[in-house]
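4 protein chains.
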Amino acid sequence: MSVVAQLLDAYPKDLGKVDRDKLVACVEACIECAQACTACADADLSESDVAELTKCIRTCLDCADICETTGRVLSRHTAYDANVTRSVLEACATTCRASGDECHRHAPHHAHCRLCEEVCRRCEHACRDLLDSLG
Amino acid sequence: MSVVAQLLDAYPKDLGKVDRDKLVACVEACIECAQACTACADADLSESDVAELTKCIRTCLDCADICETTGRVLSRHTAYDANVTRSVLEACATTCRASGDECHRHAPHHAHCRLCEEVCRRCEHACRDLLDSLG
Amino acid sequence: MSVVAQLLDAYPKDLGKVDRDKLVACVEACIECAQACTACADADLSESDVAELTKCIRTCLDCADICETTGRVLSRHTAYDANVTRSVLEACATTCRASGDECHRHAPHHAHCRLCEEVCRRCEHACRDLLDSLG
Amino acid sequence: MSVVAQLLDAYPKDLGKVDRDKLVACVEACIECAQACTACADADLSESDVAELTKCIRTCLDCADICETTGRVLSRHTAYDANVTRSVLEACATTCRASGDECHRHAPHHAHCRLCEEVCRRCEHACRDLLDSLG
Chain L
150 MSVVAQLLDA
160 YPKDLGKVDR
170 DKLVACVEAC
180 IECAQACTAC
190 ADADLSESDV
200 AELTKCIRTC
210 LDCADICETT
220 GRVLSRHTAY
230 DANVTRSVLE
240 ACATTCRASG
250 DECHRHAPHH
260 AHCRLCEEVC
270 RRCEHACRDL
280 LDSLG
Chain C
150 MSVVAQLLDA
160 YPKDLGKVDR
170 DKLVACVEAC
180 IECAQACTAC
190 ADADLSESDV
200 AELTKCIRTC
210 LDCADICETT
220 GRVLSRHTAY
230 DANVTRSVLE
240 ACATTCRASG
250 DECHRHAPHH
260 AHCRLCEEVC
270 RRCEHACRDL
280 LDSLG
Chain U
150 MSVVAQLLDA
160 YPKDLGKVDR
170 DKLVACVEAC
180 IECAQACTAC
190 ADADLSESDV
200 AELTKCIRTC
210 LDCADICETT
220 GRVLSRHTAY
230 DANVTRSVLE
240 ACATTCRASG
250 DECHRHAPHH
260 AHCRLCEEVC
270 RRCEHACRDL
280 LDSLG
Chain D
150 MSVVAQLLDA
160 YPKDLGKVDR
170 DKLVACVEAC
180 IECAQACTAC
190 ADADLSESDV
200 AELTKCIRTC
210 LDCADICETT
220 GRVLSRHTAY
230 DANVTRSVLE
240 ACATTCRASG
250 DECHRHAPHH
260 AHCRLCEEVC
270 RRCEHACRDL
280 LDSLG
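Chains as they are written, first to last, in this note's numbering: chain L, 150 to 284; chain C, 150 to 284; chain U, 150 to 284; chain D, 150 to 284.
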């Protein structure tokens, strides 16, 4: 069991009717995506065609920031606020979509964009899955 | 002219039809609110009635994270993506509302909650103003 | 191979003489510790003895912030600056030590502090290992 | 009086013998520098000579992250830990120095680097001033 899942189990109060598996998957996807986007933006900076990658860098930087914030919000359960959780998940899914689409354009040329696209798609789906399960 | 405004003026490409004053006001409100919420959550921790303030702490922590991310996204203009900007501003306004409402409950007892409520309201309005101006 | 390791392999330029295994281990420890500290601080907020846990919350919040920043700095390789890397690793090890020590005090009573202490110790050691390997 | 200063005044416990003016100045410098570095890195991405600015982008990204974390740590006063504060201030001053030096190289050509250099120098000095005052 991952540390994320173990800490969720150690939360001392009732979590309500949240789907624990989807919640854990989403937190894990967010922190993986934040790191991947940070690394992809940096790899872009070291490519000889960096001038073609500026949109990719910008979108990855946004995605890293939003995924980190979403991973944090989802790691807190005290005084749960459905409106906040939903709006943050929407923003995260939207940004992962944008970042995944842009990395997709560069995936044929750059292995880091290929990896980052996969991770962004996984995180987008994890956010949508969790959103759907919130009813 | 603030550093935020000076840096916006130094951006080398066309910014499109964004309302510069509302954009600057929103970036400034986001970074002010991120700091205020961090400080308010910490002040809550040092109050003798901390057990009554746990919802306030949690909401302020979320608000600090989302305001920081929003301030970053709005400070980037390369390859502007309207969907990302809108969804992040929605999440920020929603969270500032939640944090402002919770601080409001404690404003009669704690000066930091009174200050933090004001800053959260200002940031919520700055986000809504900018959202409206995006058309 | 983890996504962190795969992205390191996809970095397009020479990484110099860094120990790749220690670098990957440190990035993974930082992002794990950032999440664990965020979750532990929140779990503290929901404990009935929250008034005894305020130092733990504060130290975990610092540790989450510094671990996230350290994970980001270590995920970038373009234009490596040894002074920056070293000073950030020092700050991260110092903060993980403080957070691990404080969680240790509460480990007999709270499972989340027990888990969080382990993760903080692991991250502190990963930072020190990487620092030592930098020569 | 700035919101940062007002919130410091509203902190409910004794702050010890810290120099309040230097503390407020340092928090304000950190949040100003985090925003300036985010904006400068983005402006770099939109310059026609972006390939010459990759070190500047990387250093500004690090500096934004470390300044934000330092501003947060300095905004917390509950259970003050001198070792953590010192090590974070050292890392922040080191990174502001690196970022200011790199922006200095591009200051003759780019107004955003000129502005960002000034802000980085101011933040480096504010960190050193506060460090010195801690004894």
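To be clear, the hints were calculated from the coordinates, so they are not data collected in a lab. Glycine included, every Cβ here is placed at the ideal spot set by N, Cα and C. It is possible that part of the hints are untrue.
[Claimed, not checked] Restraint ranges, calculated between C-beta atoms of paired labels, are given here:
| id | chain 1 | residue 1 | chain 2 | residue 2 | range |
| --- | --- | --- | --- | --- | --- |
| 1 | C | Leu283 | U | Ala154 | 37 to 45 angstroms |
| 2 | U | Pro161 | L | Asp163 | 17 to 25 angstroms |
| 3 | U | Asp168 | C | Leu283 | 23 to 31 angstroms |
| 4 | L | Arg235 | C | Leu283 | 14 to 22 angstroms |
| 5 | D | Asp198 | L | Pro161 | 38 to 46 angstroms |
| 6 | U | Lys162 | D | Asn232 | 49 to 57 angstroms |
| 7 | D | Tyr229 | U | Ala260 | 24 to 32 angstroms |
| 8 | U | Ser282 | D | Ala200 | 25 to 33 angstroms |
| 9 | D | His253 | C | Asp158 | 46 to 54 angstroms |
| 10 | L | Pro161 | U | Asp250 | 47 to 55 angstroms |
[As the list claims (entries may be wrong)] Listed below are several chain L residues computed to face chain U (Cβ distance under 8 angstroms; list not exhaustive):
| id | residue |
| --- | --- |
| 11 | Ala154 |
| 12 | Gln155 |
| 13 | Leu156 |
| 14 | Ala159 |
| 15 | Tyr160 |
| 16 | Lys162 |
| 17 | Gly165 |
| 18 | Thr187 |
| 19 | Glu196 |
| 20 | Ala200 |
| 21 | Thr203 |
| 22 | Ser224 |
| 23 | Val268 |
| 24 | Gly284 |
We went through each hint and held it up to the structure:
no. : hint                                      : in the structure
1   : C:Leu283 <-> U:Ala154: 37 to 45 angstroms : 40 angstroms, holds
2   : U:Pro161 <-> L:Asp163: 17 to 25 angstroms : 49 angstroms, violated
3   : U:Asp168 <-> C:Leu283: 23 to 31 angstroms : 48 angstroms, violated
4   : L:Arg235 <-> C:Leu283: 14 to 22 angstroms : 21 angstroms, holds
5   : D:Asp198 <-> L:Pro161: 38 to 46 angstroms : 55 angstroms, violated
6   : U:Lys162 <-> D:Asn232: 49 to 57 angstroms : 36 angstroms, violated
7   : D:Tyr229 <-> U:Ala260: 24 to 32 angstroms : 28 angstroms, holds
8   : U:Ser282 <-> D:Ala200: 25 to 33 angstroms : 31 angstroms, holds
9   : D:His253 <-> C:Asp158: 46 to 54 angstroms : 20 angstroms, violated
10  : L:Pro161 <-> U:Asp250: 47 to 55 angstroms : 22 angstroms, violated
11  : Ala154                                    : 11 angstroms, violated
12  : Gln155                                    : 6 angstroms, holds
13  : Leu156                                    : 4 angstroms, holds
14  : Ala159                                    : 4 angstroms, holds
15  : Tyr160                                    : 5 angstroms, holds
16  : Lys162                                    : 5 angstroms, holds
17  : Gly165                                    : 13 angstroms, violated
18  : Thr187                                    : 4 angstroms, holds
19  : Glu196                                    : 5 angstroms, holds
20  : Ala200                                    : 15 angstroms, violated
21  : Thr203                                    : 14 angstroms, violated
22  : Ser224                                    : 4 angstroms, holds
23  : Val268                                    : 6 angstroms, holds
24  : Gly284                                    : 23 angstroms, violated
Hint compliance for this structure: hints 2, 3, 5, 6, 9, 10, 11, 17, 20, 21, 24 are not met, and every other hint is.
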